[in-house]
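Colleague: Chain Z is already provided as a structure; the job is to place chains V, E and U on it using the hints.
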Amino acid sequence: MQVKEYKPLIVAFCCNWCSYAGADLAGNNRLNYPAEVKIIRVPCSCRVNPMFILRAFQRGADGVILCGCHPGDCHYTSGNYFTRRRMAMLFSMLDFLGIERERTRVEWVSAAEGAKFAATMTEFAEQVAALGENKRLEDLRCKK
Amino acid sequence: MQKITKEQLTEKAVSLLRDGTVTHVLGWSAGEFDYDITPAVFSDEASLRKSFVWNDFCGANFSKYLVSKTRGIEGKLLVFLKPCDTYSFNQLLTEHRFDREKVYAIGIPCEGMADIDKVKAICGDGISSVNCDGEKLLVQSIYEDAPISVSPSDVLAERCVNCKSKKHVAYDELMGEDGDVLDSARFDEVSRIEAMSPDERFLFWQNELSRCIRCNACRDACPACTCEVCVFNNPRSGVENKSPANNFEEQMFHIIRAFHVAGRCTDCGECSRVCPQNIPLHLLNRKFIKEMNECYGEYQAGETVGSKSPLTDYTLEDLEPGEVFDRGDINA
Amino acid sequence: MRKCSLNSLQSVFGKIASSALLYLPVDSADGRAVFSKWDDGTPLSNALNTVRSPKDFFFPQTEDLMRFKTEGKSIEVIDVREETEDFVVFGVRACDVKSFDILDRVFLAEPRDSYYASRRDHGVIVSLACTRPSETCFCSTFGIDAASPAGDVSCWKTESEMFWQANTEKGEALIKKIEELTEECSDEAVKEQQEKTARIMKKLPLAGLNTDAFGGGKTEELFDRPEWTELSEACLGCGTCTFVCPTCQCYDIKDFNTGNGVIRYRCWDSCMYSEFTKMAHGNNRLSQKERFRQRFMHKLVYYPENNDGLFSCVGCGRCLSKCPISMNIAKVMKKLGGE
Amino acid sequence: MQRIGVFVCWCGSNIAGTVDVAAVADALKNEPGVVFSTDYQYMCSQAGQDLIVSSVKEYSLTGLVICSCSPRMHEVTFRKTAAAAGLNPYMVEIANIREQCSWVHKEMPIGTEKAIILGKAAVAKVNLNAPLTPGESPVTKRALVIGGGIAGIQTALDIADAGFPVDIVEKKPTIGGKMAQLDKTFPTLDCAACILTPKMVDVAQHENVRIFSYSEVTDVKGFIGNFDVTIKKNARYVNEDICTGCGDCVTKCPQKKVPNEFNLGMDNRSAIYIPFAQAVPKVATIDPAHCTMLKTGKCGVCSKVCKAKAIDYTQKDEYITEKYGAIVVATGFDPISMDKFDEFAYSQSPDVITSLEFERLTNAAGPTAGKLLRPSDGEHPQKIVFVQCVGSRCDSCSEKGKEYCSKICCMYTAKHAMLTRDKYPDTEVYVFYIDVRTPGKNFDEFYRRAVEEYGVHYIKGMVGKVTPEGKKLMVRASDLLDGKQLNIDADLVVLAAAIEPDKSARSLATMLTASMDTNDFFTEAHPKLRPVESPTAGVFLSGTCQGPKDIPETVSQAGAAAAKVIGLLAKDKLKGNPCVASSDELMCNGCSSCEKVCPYGAITYEDKEFRMPDRTTRIRRVASVNPAVCQGCGCCTVACPSGAMDLRGFMNEQIMAEVDAICK
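Residue numbers (this note's numbering), protein chains in the order written: chain Z, 1 to 144; chain V, 1 to 332; chain E, 1 to 339; chain U, 1 to 664.
The shape of chain Z in the complex, shown without the other chains (with noise of 0.2 Å):
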């Protein structure tokens, strides 16, 4: 019997004004990355609640990772000095919870970053496949 390869399922959060036009822009390229990342376009990444993050997580996600414009870029001036808090904050209660750290991450990737975009992407599918599945922050229920 042939065993399906695990491909861990991915969701990454990206800001309209630089890492989503940053995604926009590996396309542009051509720059492959894996599938399993989907983008999920929000204004600015001080919009992605840890909520989202966690509602992911249940709905059977294995790695979630939040891209913003880089610190003192943000559109909004300050959006991403917030996010970088709260994720911070949220990082380390959900490693305190016994959460493995490295399902999650925060990225900044500028609008012209399509290269940095694409290999994030493939580097943090790479170290979440590793992991293999999110077992830890599960609903059974959203299992198929």
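Please keep in mind that the hints were generated in silico from the structure rather than gathered at the bench.
Don't take every hint at face value.
To be verified - Cut-off 25 Å, straight-line C-alpha distance, at most; resulting in silico cross-link-like pairs (DSS-like, lysine-lysine): (1) Lys664/U <-> Lys7/Z; (2) Lys203/E <-> Lys120/V; (3) Lys73/E <-> Lys29/U; (4) Lys143/Z <-> Lys171/U.
Modeller: Only chains V, E and U this time, still in chain Z's reference frame:
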């Protein structure tokens, strides 16, 4: 073991009622067995003299009651605040949750509250009364002829063992002497868990949180939880439920709750005190406090009115989310 | 009546567990008793009672009722019920045993709740007499004898022995199963223990609590009593009392969209919650006072009115020890009953 | 329940090459709410848009999902299509199956599977979309320009010429800024004063321009189209309206030992002064720190000699509040302080000067009347060393200088060197440089003339130390190309000091909630596409406050900022972005968490009476969002503990629906 007596507080309340300074008194009402004390609003001298009590089991944090009890009353409400309660008092003022003008706050010293479960661990079940002879607690059991003498320090509630402050940060009047902010060991337990491996931490919290019955006592007692509509009651929030359906919901409830009060939690310890399943919920809140102190500088919610919590603030040099994990290694 | 030595108790448990799941109160790491599944050598707790009641075995906090699956624009209903295994709950106290009478009248009356009924059919309740009641106990108020617990089998534990008495057919079957490990005996030691317990019961602080002021037909008399305001004043509106209560039976039915279908499940609800029985028009009890009153009126007036005078409180005392603000049914009864 | 139409675009082979578009359309057919699903070659073409419009009619669609290129590309297009079909434009969601799918995944099954999931997410979102209407707010047709240098002057003139009133606030007693201090300008060598002063006069005489000189902005409230600005007019103790600028007071003033800031302290002025002859407004100002009358109450000479009776020692600071529709920041720059550059002996010898000081020394209106004389002894210097990049292009750990290139130094140094050699051919001129940067029209030609025609010694290398020895300045430097150490006995050393934003800019940025970079330069809304707008709506940037620039660049940016302002002021009403935050008052706690994180000050609180579920009436403090100010970042939604605050167009429920759709 409390330095201030029930009589002193009763007389104070009576005199303030008499001279019209206040029209209502938020205090403690005696129960059946000395330890089962219920918060109560008194509005006349007779009921005060009959039921008002102050002893080593007056743990409830009154600050949250101010949100509802100051509404719709004509005059002022007298509230007695232990030092830890005053932090919640300020935090609620910061969030504009009650009208300061409606309250006459008296700061009272606290020597720490006793935990009835600890008393029972020493004296067994069947306690009919607990009295204080000034030094020791005298516990009368239906199974013993003579009362059992217990040292208050042996039955001190967990949160009082690690009391963060004997200082009152808010009051209109102070009875007794004010204390100092203490150098408590309150983060030791958090550090102990941090030192575990991720697997150990996961098992630890699984074991703790799996007991949760979602009775909402932690939320409903929490002075930081005064939302008009709680997200867990709001079907549109996506997290509403009445019982934890599984492990995930148990975890999520407590993560979200901790996050919601992060930066606003004064570490009063009510959540753990009221948990019927003895889940050390305060450790989640303390983890956030410890983390914010270390990452963004010392911050005590409720120390002053109007302060900006670390999560509604930032600096250009804040550490990156990925760096929170490595701080320990760098510091070491 | 049969007995076995406490030394052989584990073998008896082993025998029971050989044909059914066996649950019994076990001390947890933090010093509380919890009903847990018995495995070889799991010791029986000495605690008076568990924080959560044995109600959970028959009426779990959440349970899936069915699933819906959509395929294209069609919908399929899936029965998710699994065959209930036979199980035995050992060590149920007299008060909690009584709670099943109360729950049965709710769930087994027509229309029968087949989920609950199935568990009742497969479950055997082995009670254990109390010898050291707590100050929070007041089962006698509701005519329960802590020393003579009902159940399919009643047990009494002395210093060195465990006494067994079958009360029902299911109980007979269980006793038969452990026949080889137990011996026929007189009920002398049990009688002695019962007398001793009865003397202690009289000394309990709440021994004088009575139900005279309550029961069916008292609605008008009690509903508008001014004391409700004072009694409910400090109530936080949490569900602790309802969720530790062995007789509270309210639940909500909810749908959970998993993304791959919908799970219809039920979960405990609490009349203390502001969303309890919320309907399209809003809530029917708008203040905490009304919700508070509902809980106690239900236990002390409405339920007995509809159930031949049976109160839906068994005096286990869990709410007395667990309420965050120490307001409870005993205080309510005293206050409204004229202390 | 929505009736959703799904339109899958092939984008020729751009999408269809790696995504089975028909399969996507087919898979999405059964999603909740979808009543119609199709694919087409070019959805954005007229035919494609017509297909959408006709489908909306035919299937009574209420929402659209377009699976196509990035929403950054064609969201606006399809919103217009929706509007043309009679739908609210915000009932459209785009699934990005080109940039984020077909272009990055090579295998058809993988691309198709992902496109279906992205489509499902868009369907899930559109199911929860609600029609949105942008709010409107009126525009005050008046602009404020902060800073009266060449940038501010040009912006003000351009706006005023378009017919809109403009106020200039300048903190110095005169407008003109740095350009007024310059001698000649590169690369054309025209005289700065000759081109600037007519503009100063133009602006002063323009019927649409008011100049508040010797004034500062102290408070800014409001939002685009509706700013309330408080301006502090500092007391100059001279009645501006009466003063004729005759200068009698200046001549007669007994206190003449005040360092003249216009000449960078290289000569003195009197306590009552007019900064320079062509100052605008040409009125005297009393320097209260040095005026004997103001300090001791004894003197009053100026008052006595003033025929116009313009002197008023009792004058007080005056605050004016004015409404503006737009604000232009033109706060300019300053050379950095040389305090930290002790190796160049700036503080030890008067003969080590900055380039701006050199500019004054060669200026006919300067302290030496344009003769190049050493400040120490007034002798003509025979050997001059110019040092480039003093404080510019420092490495990031340097605490002395700036990381950035100050941009103008290479060219003005070439100018200085060339002019020196032109006027004083006997003078030897050395220029030490890291690189010579000349990317501008006629810049390199200009620099090469300095080297080739004028024989300026350009040496690649940095000056290590300058030591005053007797009348000489010993300059130790390295010549990197020759690999030699050089020792030059110079008579004058000129430091090309880095430029930095004016110190007042930081507090102004806070008032305007405009963002700054780490160097305190104002940040543009977009570095490429919106270079003259700040991220704060209604605030525009002109000149060096945004970054180092030369004069032509400054003037072009000033004009561009003016164009943006004119575009704004030409509107009677502003349509806002409808994707703004809004608070559910029934859930709002009034806790102020949202207000604390809002970068725009868009949230205020009001006490409102509510009928509560328990039949009581309560006054509650609730948040209210000004939709004209809110930019829709959503930061407040996460700060809100109760979830009362939500973001239209990106509601919590919508984002969670997308998450669910992706994860199922």
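Colleague: Run every hint past the structure and note whether it holds.
Modeller: Outcome of the hint check:
1. Lys664/U <-> Lys7/Z: Given pair lysine 664/U, lysine 7/Z holds - Cα atoms ~14 Å apart, limit 25 Å.
2. Lys203/E <-> Lys120/V: Roughly 18 Å separates the two Cα atoms, so the pair holds.
3. Lys73/E <-> Lys29/U: Judged against 25 Å, a Cα distance of about 10 Å means the pair holds.
4. Lys143/Z <-> Lys171/U: 67 Å, violated
Hint 4 from the list above is the single one not met by this structure.
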